[in-house]
Amino acid sequence: VKTMSGEPSGDGVRIPGHVPPHLVRTWDYEAAAGAERDIHAANAVLAQGPEIIYSAITIAATEPGGWLVTRNRLVREVLQDPETFSSLHLTGWSKLLGESWQLIPLEVDGEDHRLYRTLMNPLFSPKRMAGLEAGMRQSAVELIEGCLANGECDFETEFGHPFPVYVFLRLMGLPLGMMRLFLEWEHGLLHGKVKEKRAAAAQAIKDYLLEAIAERRKDPKDDLISFAITSQVEGRPLTDAETLGICFVLFAAGLDTVASALGFIFKHLAEHPEDQRRLRREPAAIPAAVEEMLRAYAVVTTTRRVTRDIEFHGVTMREGDRIILPMTITARDGEEYDNPNKVDFDRENVRHITFGAGPHRCIGSHLARIEIRIALEEWLSRVPEFRIPEGKRAIVQANGVWGLTSLPLDWPGA
Amino acid sequence: MALSFLEAGSTMRIRVKKEKCAGHGRCAAVAPNVYVLDDDGYIANEAILVADYLATDVLRGLRACPERIISVEADAGFRPDAASQGDLK
Chain A
1 VKTMSGEPSG DGVRIPGHVP PHLVRTWDYE AAAGAERDIH AANAVLAQGP EIIYSAITIA
61 ATEPGGWLVT RNRLVREVLQ DPETFSSLHL TGWSKLLGES WQLIPLEVDG EDHRLYRTLM
121 NPLFSPKRMA GLEAGMRQSA VELIEGCLAN GECDFETEFG HPFPVYVFLR LMGLPLGMMR
181 LFLEWEHGLL HGKVKEKRAA AAQAIKDYLL EAIAERRKDP KDDLISFAIT SQVEGRPLTD
241 AETLGICFVL FAAGLDTVAS ALGFIFKHLA EHPEDQRRLR REPAAIPAAV EEMLRAYAVV
301 TTTRRVTRDI EFHGVTMREG DRIILPMTIT ARDGEEYDNP NKVDFDRENV RHITFGAGPH
361 RCIGSHLARI EIRIALEEWL SRVPEFRIPE GKRAIVQANG VWGLTSLPLD WPGA
Chain B
1 MALSFLEAGS TMRIRVKKEK CAGHGRCAAV APNVYVLDDD GYIANEAILV ADYLATDVLR
61 GLRACPERII SVEADAGFRP DAASQGDLK
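So the protein lines, in turn, are chains A and B.
Quick note on the working numbering: the first sequence kicks off at 1 and runs consecutively.
Quick note on the working numbering: the second sequence kicks off at 1 and runs consecutively.
Treat the hints with care, as some may be off.
Covered, in the sense of this in silico footprint (three residues per stretch, anywhere, with C-beta under 8 Å from a C-beta of chain B), are these stretches of chain A [what the hints assert, rightly or not]:
1. 110-124
2. 301-313
Taking lysine-lysine pairs in the DSS-like style, the calculated list, with each CA pair at most 25 Å apart, reads [stated by the list, open to error]:
3. A/Lys195 <-> A/Lys95
4. A/Lys197 <-> A/Lys218
5. B/Lys20 <-> A/Lys206
6. A/Lys127 <-> B/Lys17
7. A/Lys95 <-> A/Lys206
8. A/Lys206 <-> A/Lys218
9. A/Lys218 <-> A/Lys95
10. A/Lys195 <-> A/Lys206
11. A/Lys127 <-> B/Lys20
Quick caveat, the hints were computed from the structure, so don't treat them as lab data.
Model, not experiment: these values are computed from the prediction.
Note that the Cβ used here is the ideal one computed from N, Cα and C, for glycine as well.
Full structure from sequences and hints, please.
Take a look at the structure:
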């Protein structure tokens, strides 16, 4: 989920009085030395500095500034303590529209959160997700066949973005023909440079989902929206606002994140032909390789808000302070991983928090793992050895969810 | 893998802080013969007793847990320093 954007705000940044000046940073991920080559490795230095710094420019819940936690174990501690570190108003998306509905279960705390998760967990369980595999594979194959004969493609445009959108449309029971519009809205919401553009996208998504919800009320089908409107919490049916909150978060959380992870993974394989050859030779090694690449190429930063004045690992935090949790940085934490910048498919410790930790663990994690595994299986069995063509390069951005705006690939062996 | 804290023929007792399970499902993904998930995708049991020939799988699942809520002890030859932290390397 996009919960912060790294764009410098320039003016108007107010550093709270209790923040010690020596902890304040204006760190720009994209400007780190070597970032255009390997943005994760370039920013891993943050995990070697102070455990907690105050980032003046990082946007958290639509406002700049917050405590940025640079160690794996501390991020885990924050995520496992939702009473001290709240998820309320985490994204600020409904606020963009001047409204107050919540993203469910993402922005909900405590017992209400537990009730929503209990309702939704079976829908996203490993078993349930495995049942969607055939449909996902069909979408992946269609997209690959669409560019295979060309001998080249922009991976993100032709596969990385459309593939998770197809999966989402199938899951929600929406027409696959909506692909183009959904890609447009997704881009506007998550990468719109100005607030008006993000708000317009949020409005378009909201209107479309509310219409789909109204249609399902009249004519229920076997899909997630129909499930949501016919389910109950505490003996009452879900309201339209709650159903919207659920559908909106699935849209916003499931598309860009998977596209980004796929982008970094395929960039890695294009730049490391030995790793690519190994997975072609040994497809059974793909699930472990997926896990290690999820570890190394985390794309999400989430945020929390401090609910009471506390001392946290030597830092004085006040009620209302924002906490920024960059899994992109803690993925390369040397305290947790030996040689953290090395991608090693045989690594023994691949336990990671790329999908978060604690009660808000990414509900789509099992879906995402299957999407990535299928993408690898189908690409490696259908497309000859691919690389980044000479004279071209991948373009990486760290505005919000880290990802690739372009990943040119070709396969001269075709 | 060093399993010297176990005596041959003993049983292993796995304890899971079930209320802290966040449903990552990694334990069952890497060691499905030891760890079982419920219909929600969360760990089904808080205590699991297994024969020690499954020790490799037990530890594989323990080490895969991002929440670090799995610990293991053996009925005989138990070395708490090696077994109880959920943090074996």
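Hint check results:
Under the rule that three or more residues need a Cβ within less than 8 Å of chain B, the assignment of the segment 110-124 of chain A holds, with 4 such residues. A count of 0 residues in the segment 301-313 of chain A with a Cβ less than 8 Å from any Cβ of chain B is obtained; the coverage claim is therefore unmet, three being the minimum. At most 25 Å may separate the alpha-carbon atoms for a hinted pair to count; A/Lys195 and A/Lys95 meet this at roughly 11 Å. Taking the CA atoms of A/Lys197 and A/Lys218, the gap is about 32 Å. The hint is violated against a cut of 25 Å.
Simply put, B/Lys20 and A/Lys206 have alpha-carbon atoms about 34 Å apart, too far for the 25 Å limit, and the pair is violated. Distance check on the hinted pair: A/Lys127 and B/Lys17 sit about 22 Å apart at the alpha-carbon level, within 25 Å; holds. In summary, the hint linking A/Lys95 to A/Lys206 is supported, as the alpha carbons are separated by about 13 Å, within the 25 Å threshold. Taken as a hint, the A/Lys206 and A/Lys218 pair is honoured in the structure, with Cα atoms around 19 Å apart against an allowance of 25 Å.
Pair hint A/Lys218 plus A/Lys95 does not hold up; C-alpha atoms about 30 Å apart against a cutoff of 25 Å. For the hint pairing A/Lys195 with A/Lys206, the CA-to-CA distance comes to about 16 Å; that is within 25 Å, so the pair holds. Of the supplied pair hints, the one linking A/Lys127 and B/Lys20 holds, its CA atoms being roughly 21 Å apart against a limit of 25 Å.
Going through the hint list in order, the structure does not satisfy hints 2, 4, 5 and 9.
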